[in-house]
Structure formats: structure tokens, C-alpha cells
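2 protein chains.
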Amino acid sequence: MAVYTQVPAEEIDAFLTRYDAGRLVSAKGIAEGVENSNYLLETTGADGSGHRYILTLYEKRVDEADLPFFMDLLDHLGARGCLVPRFIADRSGQRLQQLAGRPACLIEFLTGISVTEPTPAQTRAAGAALGELHRAAEGFAGKRPNALDKAGWHDLARKCGADFDQIAPGLAARVTEELAYLDAHWPADLPRSVIHADLFPDNVLMLGDRVTGLIDFYFSCTDVRAYDLAITHSAWTFSHDGATFFGDRAKALGAGYAQAHGLTDAERAAFPVLCRGAALRFLLTRAYDWINTPADALVTRKDPLAYLRRLDFYANADAADLLGA
Amino acid sequence: MAVYTQVPAEEIDAFLTRYDAGRLVSAKGIAEGVENSNYLLETTGADGSGHRYILTLYEKRVDEADLPFFMDLLDHLGARGCLVPRFIADRSGQRLQQLAGRPACLIEFLTGISVTEPTPAQTRAAGAALGELHRAAEGFAGKRPNALDKAGWHDLARKCGADFDQIAPGLAARVTEELAYLDAHWPADLPRSVIHADLFPDNVLMLGDRVTGLIDFYFSCTDVRAYDLAITHSAWTFSHDGATFFGDRAKALGAGYAQAHGLTDAERAAFPVLCRGAALRFLLTRAYDWINTPADALVTRKDPLAYLRRLDFYANADAADLLGA
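From first to last, the protein sequence lines stand for chains G and L. Start counting the first sequence at 1; every next residue gets the next number (the numbering used here). Start counting the second sequence at 1; every next residue gets the next number (the numbering used here).
Next up, chain G with everything else stripped away, as it sits in the complex:
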């Protein structure tokens, strides 16, 4: 959530000469994204009418070897009508560049704002956009393992160890117990596909009740498709602290997704387990960051217990509670 690599404006202007993008007229470092450095650029445009772009420099958290997967995915989705920011090729066809010693890409800018307190109508639109994404992803040949799958959760839990109990007494035991439950109940043969894996309201651009963009695909990977809806459910249907479940949003999410894609009976039956997995995944990454970030750091630590509350809710819910009848 900061600009880690400062790039002189002159260098950005020179960089843009590789593209049919016109000359730079404004460059602002923006506080956004998963530990990348991002600039919002304005250029004269190839035709002088003005154009905006996002310039992303990849810092250590994104592996350069994964970038072709993300680029090909967004090309595939964009060609099938999904509102996703495409990576822009330079005049020689190159999308991945180097700038200020970092891998760097010029990316489409999309308008829209990210809501903080989604309404049911907005949640329905997000559900529909996720369904459309899953439909458009069919036939995409790229594969990328999910580093935060169940094996990844076990890994994170081991790294946190006894430190969980610094966050809340008894949390270490609760995590161990939940992992055992998920090992026993995680569905083995549900349809898999490319998933977004991080479709929080932050990553959905909207104008009013309309989705104008899905962004930040840097967690996208190949995994159980309905698990993507479970992640989205955990992100859109609770108060931020996880203490309040909004049934109206959840019903709207389910209806929006069903309109564009829908769940099989097996997916629906497994949905509460998938939601428990989603809640545990964010509980674990937040707990890991909590334990490893000094309390006085400039980075805001997100409360892991907000996901423990969701986990508790999911452990006592059935599919009808979570998605409507």
C-alpha cells in the first residue's frame, strides 16, 4: 500500500516511447495493490485525446515467472467480455518490461470505485461478475497452483505455532482442530478452474450498482471453482469485524452468481465447508502478518479475529443459510 520503487518522471516518459501511448502529462504514485508499486499515468494518447494507464512495478511478493500466466489470463477474459484490465503490448508486442530495475507492465486503467459497505444490489452484481468470470475462464489453458491451498494453510499454521495464542488464547488449538476438520471434509472432486481467489470489494470497481472492473488478479490460480465463491462470500457478506452476517447480501450474492454461472448440487452441498476453508485461509494469512509485523509499523495490521468470527459462523451454517433457499 505504498510506492516502493520511485521512478523519475523522465524515465516513465522515456519508457512510454516504446508504446503507442503518447507523451506523459501526469504521473502519480498510488497507494494500492499487493505490495507492488503502482503509478496512475496520464498521457496525451496516441491521437492527442488523453489516455490513462496504470504502470505497475513488481516488487518481491509477485514472482516474475507468474506474470505470463496473469497476462494470458486477462487477455483470455478480456476477449470474452470480462471487464478486466489488460496488459498493454509495446510496438514490438512485448508486455513484460524492465523499469528502474524491476519487472514492469503498462496496464489498462478502468474507472469505477470500490465500495466499502456493499448493498445487496452491489453484492448481487459482484456475484454475477464472478459467475461471468468463471464462464469466461472455461477453455483457458494456463495453470497456476494455489500457494494458499490446504497444504499452504498447514504450512502457515506450523509457522505461527504457539504464537497464535498471543492473538487470542486458545487460537492455536482452534486452528489445529479446524485443519483436521477440513482434512477430513474438504471436497475431493468438485470442478476446478482458474479462480480469482481474492475478490474482495477492494478488487471490484463499480459505478452505482454496476461492475465496471475486476482487478488485482495476482492471487489467481487453479483451484476448486466454487471455493472462489466461498472467498467472495466471506469478503462481501459480513461486517468488517465478522460479527454480523448480512443474509440479504448473501442471498443476493448467490442469486447473482446463479444468474451467470450457478453451482452444481455437489458444490452447493460442499459450500459450508468451502466457506470454512476461505475463512481459515484469511485467518491464517492475517495471523501470520499480525505475528510478523511490529505493532508500530506503518502498515496497518488486519485483525485475524474478524475471520475467526466468520469461521465460527460458517461452522454452524448450512447452504441455505449461506446462499438462500
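Mixed in with the good hints, there may be bad ones.
The list makes no distinction among identical chains, and a pair is therefore deemed to hold if it is satisfied within one copy or across any two copies.
Unchecked claim - Below, simulated SDA-like cross-link-like pairs (lysine to any residue); rule was C-alpha separation at most 20 Å, straight line:
no., residue 1, residue 2
1, 28, 200
2, 302, 8
3, 60, 183
4, 28, 210
5, 28, 85
6, 28, 108
7, 28, 40
8, 28, 208
9, 302, 86
10, 28, 52
11, 28, 51
12, 28, 291
13, 143, 200
14, 159, 266
15, 159, 294
16, 28, 116
17, 302, 40
18, 28, 83
19, 60, 99
20, 28, 117
21, 143, 222
22, 302, 5
23, 28, 248
Source of the hints: derived by calculation from the structure; they are not laboratory data.
Assemble chain L onto chain G, guided by the hints.
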């Protein structure tokens, strides 16, 4: 250089209804400014044609009581043709608002980029823009004391005390000696006016060799007018580390300033002393921040010695060296 106060997009959209600004279509937190939180907004515009604004929330470093001074100054300068970002009044005429518990203002967005390695032509344009600012400032009634005047330097030096020598051996004695020199030689009766007091390349927006905006007036105050040119000189005419003086830029700065305003003989005679003061002022604030910022903090510490090198240069220069014959 971060967004300290996160404002939900819905709140920004609601905030904009006070203005004739249209509806919000994009909001990006930008990493800019003197410890304020800044958002680059795009709206539909009152007429639907699209418009951009800067939304600034004032954090602790800017005193709310100073905001009317800054607002009136930019109105005064803007009305006299200076390219400065004006504070925008809402429909009731109010410019200072509250948002997310902070004083907040909607401000004009100006295009242009900040150069990192100015050319002589760009430095000349910056000098001319400073001269025009000084001309336009004539007749401005507002007053604001300079907290970083000579008394302020003594204050900072006392606070740093023996810690200077952590930065470089002998630095404490060097600062004491320089303060004594400046106490004895600081000019008493040069013309005073409102000055920008921080006209680094960061704070000048340009397109090519043309200035499109002067920004970040939050250090502006009433002080010796030619001292503003000395600050600008220290910021534009050296390599970043202070090791190299660029005579061609310095000559261009002096020529640009002379074209728009000019120095009196007394100002020119005092110019080397004013430059020593400018170099000491940035040496002191950087040293204070260096001593008080942990080495591993996310904030980049700026090297105080880059200004010690400038100070050493100025101590051996005359006005002709610094501004051309």
C-alpha cells in the same frame, strides 16, 4: 508519502454532493505531499464531461489554523495568473470541510510532471515561475511567520545536540560555527514577502520545458524574498548528493528569475549568505529526521550530508559563481 486516513469511496461520493462537481467515478489514494492524505478523484463533472480533483485530508503536520492563509494565498496568486492549484468552494462558499474526522479540502488538479534531473531550460522556467510568483504576491495581505527561520534553526540544532556526530564526526561543531556565522551575517533589511519556501523540483509541474503548476504551498510564509530564490537554488542546481554543482543550471535559474522579477543589488550581494542559510535549513531538518527516524522505518530518510556538501560549496562562492555574472 502515504495515505494515512482511509476514506471509503461512498463517503467521498457523498462529500462531493456539497460541490458542483458531479459524481465520483474514480478515487485513488496518492503517495504525495507533506504528511497529508491525498486522493486523486475523477468525477463526471458538473456537465458530464469528466473532471479531476485532488482531495486532501490534513494530518497532524499541517495546522488547521494555517489553512485560511494558504487558501487566500492561492486565490490571490491564481487570480494574478500564477498556475497554482486553487481550493474549491462548495455551493455555500465553504472551502474548508471535515471528512473522516479530518480537516479536508477539494483542490484543483493540475497536469504536469515533476522532473528529477532538471535541464538548464527547465531550471530557467522554474526561476521565471518563482519570479512571477513573487510579482503576483505583491499586495497579498496575509502573514505567516516562518517556523524554520534562523531562530527555528537554532532550536533544531539544540534538539539534535551531540547526536549530529552520529551522522558525521564533527558535524555538531560545524553547525554551531555556521549558526554563529549566519547570526553575524544574516541580512537585516532585505525586502520581505510571501515566499513558497520549498520550491523543489517535486513541487513544480512541467510539460517539457514549460511550467504547468507550482504546488505544495504548505511551507509558504513571510520571509526574506530572495531567500526563496536561495532555497530554489539549493534544490535545483546540484546533483542530489550535493557533490556536483551545475553552473549551467544556476545561470539559467538566475536568468529566469531576473526575467520575471530580479534581485536588487543588496539581495545579490547577500545571496551567498542566503544560500548558506538555505543549505543549513535543509541540513537541519534532514538531520533531525535522520536522528528521529529508525533506520528500518518505511519512510525513506534523506541524507543530511547532501546539504552539508551544498553548505561547503556556498561557503566558498560569490554571487557571480551562483547566479552568473
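### Query
Is it within a copy, between copies, both, or neither that the alpha carbon of residue 302 lies no farther than 20 Å from that of residue 86?
So residue 302 and residue 86 fail the 20 Å test inside a copy (30 Å) and across (37 Å) alike.
### Message
With identical chains, the pair residue 28 and residue 248 could be close in the same copy or across copies; at 20 Å between alpha carbons, which is it: within, between, both, or neither?
### Response
Neither. Shortest intra-copy (39 Å) and inter-copy (29 Å) distances fail the 20 Å Cα cut-off.
### Query
Taking 20 Å as the upper bound on the Cα-Cα distance, should residue 159 and residue 266 be classified as within, between, both, or neither?
neither (33 Å within a copy, 69 Å between copies)
### Task
At 20 Å max between alpha carbons, let me know whether residue 28 reaches residue 208 within a copy, between copies, both or neither.
Classified as between; 17 Å across copies, 26 Å inside a copy.
### Message
At most 20 Å between CA atoms: does that hold for residue 28 and residue 83 within a copy, between copies, both, or neither?
### Response
Classified as between; 19 Å across copies, 24 Å inside a copy.
### Within, between, both or neither, where residue 60 and residue 99 count as close if Cα-Cα is 20 Å or less
within (14 Å within a copy, 35 Å between copies)
### Query
What label fits residue 159 with residue 294 when the C-alpha limit is 20 Å: within, between, both, or neither?
The answer is within: 17 Å in one copy meets 20 Å, while 27 Å across copies does not.
### Query
Can you tell me if residue 28 and residue 52 fall within 20 Å by alpha carbon in one copy, between copies, both or neither?
both (11 Å within a copy, 13 Å between copies)
### Within, between, both or neither, where residue 28 and residue 210 count as close if Cα-Cα is 20 Å or less
Cα proximity of residue 28 and residue 210: across copies only (19 Å, versus 27 Å in one copy).
### Query
Is it within, between, both or neither when you check residue 302 against residue 5 at 20 Å Cα-Cα?
between (24 Å within a copy, 15 Å between copies)
### Task
Indicate which option fits the pair residue 28, residue 200 if close means a Cα-Cα distance not exceeding 20 Å: within, between, both or neither.
Classified as between; 17 Å across copies, 24 Å inside a copy.
### Query
Are the CA atoms of residue 28 and residue 51 at most 20 Å apart within a copy, between copies, both, or neither?
both (14 Å within a copy, 16 Å between copies)
The structure shown violates the earlier hints numbered 3, 9, 12, 13, 14, 17, 23.
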